[in-house]
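These are the residues of each chain, in order.
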Amino acid sequence: MTDSLVACPECDALHERRELAPGTKARCVRCGAVLYRRSYLELDHQLALVTTAILIYLIANSFPIVDLEIQGRSNSTTLVGSVLALWREGREIVAVLVFATTQLFPLVDLGALFALLLMIRRGRPALAFAPILRFLQALRPWGMIEVFMLGIVVALVKLSNMAEVVPGIALWAFGLLTILLAVILSLDLRSLWRAGERVIVRPRRRFPPKQSAHP
Amino acid sequence: MSATPTTSSSEPRVTTAAQAGLVACPHCHLVCRDTAARDGHGKGRVRCPRCAGRLHPRKVDSLSRTWALLIAAAILYIPANAFPVMQTSTLLSTQSDTILSGILYFWNTGSPELAVLIFTVSILVPLLKLATLSTLAVSIQRGARGRADQRARLYRIIEFVGRWSMLDVFVVALMVGLVHFQGLAVIQAGPGAAAFGAVVVLTMLAAHSFDPRMIWDRARRPRGKRPPKKRLAFGTRHG
Chain A
853 MTDSLVACPE CDALHERREL APGTKARCVR CGAVLYRRSY LELDHQLALV TTAILIYLIA
913 NSFPIVDLEI QGRSNSTTLV GSVLALWREG REIVAVLVFA TTQLFPLVDL GALFALLLMI
973 RRGRPALAFA PILRFLQALR PWGMIEVFML GIVVALVKLS NMAEVVPGIA LWAFGLLTIL
1033 LAVILSLDLR SLWRAGERVI VRPRRRFPPK QSAHP
Chain B
150 MSATPTTSSS EPRVTTAAQA GLVACPHCHL VCRDTAARDG HGKGRVRCPR CAGRLHPRKV
210 DSLSRTWALL IAAAILYIPA NAFPVMQTST LLSTQSDTIL SGILYFWNTG SPELAVLIFT
270 VSILVPLLKL ATLSTLAVSI QRGARGRADQ RARLYRIIEF VGRWSMLDVF VVALMVGLVH
330 FQGLAVIQAG PGAAAFGAVV VLTMLAAHSF DPRMIWDRAR RPRGKRPPKK RLAFGTRHG
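Protein sequence lines correspond, in order, to chains A and B. Each residue of the first sequence is one higher than the one before, counting from 853 in the numbering used here. Each residue of the second sequence is one higher than the one before, counting from 150 in the numbering used here.
Hints were generated in silico from the structure; no laboratory data involved. In this text, a Cβ means the ideal position worked out from N, Cα and C, and glycines have one as well. Hints are supplied without guarantee of correctness; some may be wrong.
As the list claims (entries may be wrong) - Listed next, with one range per pair, are the computed distances between beta-carbon atoms: (1) GLY942/A to ILE227/B: 18 to 26 Å; (2) TRP256/B to GLY942/A: 27 to 35 Å; (3) ARG973/A to GLN244/B: 52 to 60 Å.
As the list claims (entries may be wrong) - Just so you have them, the derived chain B footprint on chain A, three or more residues with Cβ under 8 Å: (4) 862-869; (5) 891-904; (6) 948-955; (7) 1025-1038.
Turn these sequences into a full structure, and let the hints guide you.
Okay, here's the thing in structure tokens:
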């Protein structure tokens, strides 16, 4: 077991780990896949960013996205309202899919990242660190706020033909959240395994310790 | 950029973790010794010394899982496109829209750029994902050795682009939430929407269960001497 080696996640080629300058990434020499990145942001900055994103998330989900007016009657919806409408008319699968990818997963993602960064900051061994980080890595691909943002734009263009569309607070919040999430998702979760080295509670060994494989 | 010094051909010579008797933890990426074979433990019984996750040199049952998910996605692709994803009822008429007719609507009402966008993410991307993943899986089953870099790039593209296919599902969800003016205009989701969402989820799962390292496991080595086994030669490219 050694931390000085990195295996390419896409072609398994071994590389020696080198420290990177902020804002750069290391790529595999054979297949070009990104091995690891280093962000411009220190961990404390990341924590601030995640906190902001959680607050914006709450705003984005508690206010109406748009207000629609047809012949003097108006109608507005929040994201939850859309999900509930789908559920009520019997499209439960779609409702669950939309709820999970645009609300549940992004919130859990942010919450997990927040918890992990706090644990690293506190610097004391935390049993939950490794399970949470593993869970977060598995969850990551399924949060789709940025796709949803594009969906809002398309829906608005479509609706603007038949009704008066008045943008709501949540529309701007979602725009801002998309930008914040783009930054947050570009942070390399793999680097957290190293940053949290002191925090991870290692499993008890079942076998006597082996010598390092590195010659 | 600093590549492996001994290389003269375009493809750098590398040692893989598997060749060195090592395994990268699929969870925390720590490079560990692959003790499964030596200690007589079955695959997946050995755990990572850092994060306690199960160690697998390659994703488990990668090809069978990929095929199963691909076939399921291909079957659902038919109802996803044949059934309406959205039903619009106004005072005068009821209109059902499939994905394709939704695209034609945008094309005819003066937003061709949106029509092209939705056509790409809703029709082209799922089809290309099905085709590309099948081709990659077949190429591995037939033991293809050539053009590994191109196959790897194809995989990376479809993995990146797959999530954007959810666009249409989100558009339908928003329209349903917004347009319910009783007696005037009501929009409802059609049966195609669930099928389409399932296609996107299944193709994403298929891409995740495919292990791109299989492409390289049989890839043709660059000409010249075979690399000495169990010697580690590294390079890291910065960029």
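Status of each hint after checking the structure:
1. Here the CB-CB span from GLY942/A to ILE227/B is close to 22 Å, well matched to the stated 18 to 26 Å.
2. Take TRP256/B and GLY942/A: their Cβ atoms lie about 30 Å apart, and the range 27 to 35 Å holds.
3. Evaluation of the 52 to 60 Å hint for ARG973/A and GLN244/B yields a pass: the beta carbon distance comes to about 55 Å.
4. With 8 residues having a beta carbon nearer than 8 Å to a beta carbon of chain B, the stretch 862-869 of chain A meets the requirement of three or more and the stated coverage holds.
5. Note: the stretch 891-904 of chain A has 0 residues with beta-carbon separation from chain B under 8 Å; the three-residue rule is not met and the coverage is violated.
6. Under the rule that three or more residues need a Cβ within less than 8 Å of chain B, the assignment of the stretch 948-955 of chain A holds, with 4 such residues.
7. Counting residues of the stretch 1025-1038 of chain A whose C-beta lies closer than 8 Å to any C-beta of chain B gives 0; at least three are required, and the coverage claim is violated.
Figure legend: structure checked against the earlier numbered hints; hints not met, in rising order: 5 and 7.
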